[in-house]
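Numbered according to numbering that gives the first Met the number 0, the sequence shown spans residues 0 to 186.
It is worth saying that the hints were derived from the structure and are not from the lab.
Every clue listed holds true.
Below, in silico cross-link-like pairs of lysine-lysine (DSS-like), each with a Cα-Cα straight-line distance of 25 Å or less: (1) K31 x K118; (2) K62 x K31; (3) K62 x K72; (4) K118 x K38; (5) K72 x K31; (6) K72 x K118; (7) K62 x K118.
The calculated label-pair distances, taken between Cβ atoms and stated as ranges, are: (8) E101 x N180: 26 to 34 Å; (9) Q170 x N80: 20 to 28 Å; (10) I174 x L103: 17 to 25 Å.
Every residue, glycine too, gets a C-beta built ideally from N, C-alpha and C.
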Amino acid sequence: MLIVRKILTKKKQRTAPLDGDTWIFDAMTIAKSTALVSKLIPVAGPYIEGGANLFYDALGLLKQMKKNKEDFKGLAEAIANLLSTFNEAIAGKTSDSTYPPEFLRMCSGFQSSMENLSKEISLLITDSETKRLKGYIRADQIREIIANYRGNIQALRDNLMVYCTISTRVQLFEIGKKVTNLRKSGI
0 MLIVRKILTK
10 KKQRTAPLDG
20 DTWIFDAMTI
30 AKSTALVSKL
40 IPVAGPYIEG
50 GANLFYDALG
60 LLKQMKKNKE
70 DFKGLAEAIA
80 NLLSTFNEAI
90 AGKTSDSTYP
100 PEFLRMCSGF
110 QSSMENLSKE
120 ISLLITDSET
130 KRLKGYIRAD
140 QIREIIANYR
150 GNIQALRDNL
160 MVYCTISTRV
170 QLFEIGKKVT
180 NLRKSGI
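All chains should be modelled from the sequences, with the hints used to inform the complete structure.
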C-alpha cells in the first residue's frame with residue numbers, strides 16, 4: 000500500500016523547461032534528430048552520429064550546471080549550426096554515394112571535438128560539485144575553454160561550408176561540360 004501511496008502522491012515533473020533553459024532543450028532536439036538522421040548515411044554517418052550523441056550528452060550535463068550556462072549558450076548555438084550544416088551537406092546522398100577524404104576528415108574532427116568537450120564538461124561538473132569555492136575562481140578559465148571550443152566548432156563549420164561550396168561548383172562545372180558535349184554530339 001505504501002508503494003501505491005507514493006505513486007499517487009508523487010509530484011508531477013515539469014515537462015516544459017524554465018524560460019532560461021529552453022535553448023538547451025532546443026539544442027538537444029537538434030542533436031537527437033541529427034543523430035537519428037545520420038544513421039541512414041553510410042561512411043560519414045557514424046562520425047556525425049557520434050558527435051551529435053556526445054553533444055546531446057554534454058547538453059544533458061549542462062542542464063545540471065548552475066553557472067556558466069550563458070557562456071555555453073553560444074557554444075551550443077555554434078554546434079547546432081554545424082550540425083544543421085552537416086545535415087545540408089549529406090542531404091540527398093544515397094547509400095552508394097562516395098565521400099571525399101576531406102569531408103570524412105571534417106566529420107572525424109567534429110566527433111573528436113565533441114568527445115573532448117564532453118570530457119571537459121563532465122570534469123567541470125565534478126569539480127564544481129566537490130570544490131564550490133574554486134568554482135568562482137575558475138569562472139574565467141571556463142569562459143576561456145568555452146571560447147576555444149566555440150572557435151574550433153566555428154572553424155569546422157567554415158571549412159565545411161567552403162568545402163560544400165567548392166564541391167558544388169565543381170559538380171556544376173562537370174555537369175555543364177557533359178551538357179555541352181551532349182549538345183555537340185547531337186543527342
